[in-house]
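**Q** Line by line, the protein sequences are chains A and B.
Under the UniProt record's numbering, the first residue of the first sequence carries the number 1, and numbering increases by one thereafter.
Under the UniProt record's numbering, the first residue of the second sequence carries the number 1, and numbering increases by one thereafter.
Some hints could be false.
[As the list claims (entries may be wrong)] SDA-like, lysine to any residue: derived pairs with alpha carbons at most 25 Å apart:
#  : chain 1 : residue 1 : chain 2 : residue 2
1  : A       : K276      : B       : K50
2  : B       : K315      : B       : D229
3  : B       : K158      : B       : E112
4  : A       : K254      : B       : E48
5  : A       : K205      : B       : K136
6  : B       : K136      : A       : K158
7  : B       : K254      : A       : K205
8  : B       : K276      : B       : N314
9  : A       : K254      : B       : E112
10 : A       : K50       : B       : N71
11 : B       : K254      : A       : K158
12 : A       : K254      : B       : D229
13 : B       : K135      : B       : Q221
14 : B       : K224      : A       : A272
15 : A       : K254      : B       : K190
16 : A       : K254      : B       : D250
17 : A       : K136      : B       : W130
18 : B       : K224      : A       : M252
19 : B       : K254      : A       : K136
20 : B       : K190      : B       : E48
21 : B       : K180      : B       : Q192
22 : B       : K2        : B       : D75
23 : A       : K158      : A       : E138
24 : A       : K224      : B       : P265
25 : A       : K205      : B       : E269
[Unchecked claim] Covered by chain A, according to a simulated footprint, are these stretches of chain B (three or more residues, beta-carbon under 8 Å):
#  : segment
26 : 241-249
27 : 253-259
Since the hints were derived computationally from the structure, they do not count as laboratory data.
If you're wondering where the values come from, they're calculated on a predicted model, not measured in any experiment.
All residues carry an ideal CB built from backbone N, CA and C; glycine is no exception.
2 protein chains.
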Amino acid sequence: MKGIIAKEPGGADQLIYTEMPEPKLEAGDLLIEVHATAVNRTDILNREGKLGYVNNPIIGVEVAGVVVETNGYQDFEKGDRVMGLVNGGAYAEKVVMPADRAMKIPDALSFEEAAAIPEVFLTAFQTLYWIGNLKKQEKVLIHAGASGVGTAAIQLAKVMSNAQVIITAGSEEKLDYCRKLGADTVINYKEQDFAEEVLQATNQKGVDVILDFVGASYWEQNYKSIALDGRWVLIGVLGGSTVHQVRLMDLMAKRIQLTGTLLTPRSDEYKADLSKDFISKAIHYFEQGKIQPVVDITFPITEVAAAHQHMEANKNIGKIILKV
Amino acid sequence: MKGIIAKEPGGADQLIYTEMPEPKLEAGDLLIEVHATAVNRTDILNREGKLGYVNNPIIGVEVAGVVVETNGYQDFEKGDRVMGLVNGGAYAEKVVMPADRAMKIPDALSFEEAAAIPEVFLTAFQTLYWIGNLKKQEKVLIHAGASGVGTAAIQLAKVMSNAQVIITAGSEEKLDYCRKLGADTVINYKEQDFAEEVLQATNQKGVDVILDFVGASYWEQNYKSIALDGRWVLIGVLGGSTVHQVRLMDLMAKRIQLTGTLLTPRSDEYKADLSKDFISKAIHYFEQGKIQPVVDITFPITEVAAAHQHMEANKNIGKIILKV
């Protein structure tokens, strides 16, 4: 079978679609014929050789496809359309997926749409609810609102919690899209001081939850934006990792919970539990059409380099899909 | 009645025991005749005029005493021995306490022992369980092990969770005392690199929970000491508030939950809920003698200045009590 690897750690030009051994099916795995996969920032770090925890030379952490071998697992049959996280190996014709995290694809969705779900919706679900403990009608600030996780989080927070959703993004097109997805307040971070806008939109109280993909460059403004007893979830450092002045007394005064998290390196058990909780609490919104996967653009897998470059240029609204 | 106030914001010499108006009983309050109260660091900050959220000129946030007016509240009778948190006003002959946070004193305990319970045991209980989510047999690092909160946390973590308890303190006498209370590993922070000792005691995995009273000066060592998915609870900045280099990627890599917290400024409802949960889960250990309040020394209330100086000198093991 064929799969995408990086010849050498480096840029998108290092990616090649080449003959690779079929994945080895182990106890508890399904074998999936991949129809679509999607690009994540972790794939770019992996391509660059910057991730220590990835063993699979084939890139990619999520797929939508068809079960071709159930391996004795009773909940699935050959031919079932499934989506979910994999432990690497997604950019390929076939991949193994632990059966206890596989999710059946709602009938209304194509493979390309389904491939836009697992990583970003599970991350948004995990950060908003498992970590951020978002409650009904609370206020949430979602940075990078037009990103994959951003577009997922806007919808989950509105539909599941009727939250007051405030987002930041860097272009009018992105702001408009986020408003259509349900965001109540949209802020162009290139033109506005987002902390001031957040305080204005929240009666000077600030937000209960922040999804922070940005890190260092937003530190002070995020601190200003968060409410007493706020939960600040750190899931990216696109704006730098090192903060040069952190006043711990400020964290105590506002009783802030700051949690750093990554999804990909977590255990199989965690991913299975998260997927199951997502199925039970959120999947019906997709079946009812109340929440939609957001696909920015679909590339054939042979054009993977262009797909990575598209993400690196920060131009996407929602997910970048690879059709296999 | 008489109570302790600071003439002017400043040192312990500003404290005077003087005639003050009786506290005003409002709906939901008990009126308590105070038999004993205890010194907390928040009292020192209050004396120095550094707390913005204290309205009561009379210092002190916890008491043990006798109910003299039930105010129609059914769960208590005149003459009941009670202990609990108050919203200021503790260093006095009488004080009001919201009835929904009052705790009956176990029969075996004196008023002086009971006054050693509320603030430190509720703080230890809150930080270990409500915030730190300590689970059975997990590993916990408790700084300032011989402090009031430290001595409470060692006992709760051992008795309630059979945790592996590692503490730091600054003298052999304090280390010995912590070992007697149940600490498994004791570290003299003046002589040893505590992070190295913690890693050695935990098979290089680190601890699941840190109770951090120290802040900035321990930042790097605490980071080294904490395990993957660790909960780092920040409840004091005795070693400084400002950290000059925080690497957010490190927080993400270890998936750390860092929570700043203070108990005194929290809402009445929070204190009532916390007290009730503590009664239901922990008070029987005091009745059975499995957990003991730790009293370092008792001063008559007229010697309050000496009591404050004793805390400021960091010489105490456990609580400093004022007998009224």
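**Q** So, for every hint listed, does it hold in this structure?
**A** Evaluated hints:
1. A:K276 <-> B:K50: violated, 49 Å
2. B:K315 <-> B:D229: violated, 34 Å
3. B:K158 <-> B:E112: Roughly 24 Å separates the two Cα atoms, so the pair holds.
4. A:K254 <-> B:E48: holds, 21 Å
5. A:K205 <-> B:K136: The given pair, whose Cα atoms are some 37 Å apart, is violated under the 25 Å limit.
6. B:K136 <-> A:K158: violated, 37 Å
7. B:K254 <-> A:K205: Violated - the C-alpha atoms of A:K205 and B:K254 are around 31 Å apart, more than 25 Å.
8. B:K276 <-> B:N314: violated, 31 Å
9. A:K254 <-> B:E112: violated, 33 Å
10. A:K50 <-> B:N71: violated, 66 Å
11. B:K254 <-> A:K158: violated, 30 Å
12. A:K254 <-> B:D229: holds, 23 Å
13. B:K135 <-> B:Q221: holds, 23 Å
14. B:K224 <-> A:A272: Judged against 25 Å, a Cα distance of about 29 Å means the pair is violated.
15. A:K254 <-> B:K190: Violated, at about 32 Å.
16. A:K254 <-> B:D250: holds, 23 Å
17. A:K136 <-> B:W130: The hint holds at about 21 Å.
18. B:K224 <-> A:M252: With Cα atoms ~21 Å apart, B:K224 and A:M252 stay inside 25 Å; holds.
19. B:K254 <-> A:K136: The hint is violated at about 29 Å.
20. B:K190 <-> B:E48: violated, 29 Å
21. B:K180 <-> B:Q192: Holds - the C-alpha atoms of B:Q192 and B:K180 are around 20 Å apart, at most 25 Å.
22. B:K2 <-> B:D75: Distance of about 28 Å is beyond 25 Å: violated.
23. A:K158 <-> A:E138: holds, 10 Å
24. A:K224 <-> B:P265: Judged against 25 Å, a Cα distance of about 19 Å means the pair holds.
25. A:K205 <-> B:E269: holds, 20 Å
26. 241-249: holds (count 9)
27. 253-259: It holds, with 7 qualifying residues against the three required.
Of the numbered hints listed earlier, those contradicted by the structure are 1, 2, 5, 6, 7, 8, 9, 10, 11, 14, 15, 19, 20 and 22.
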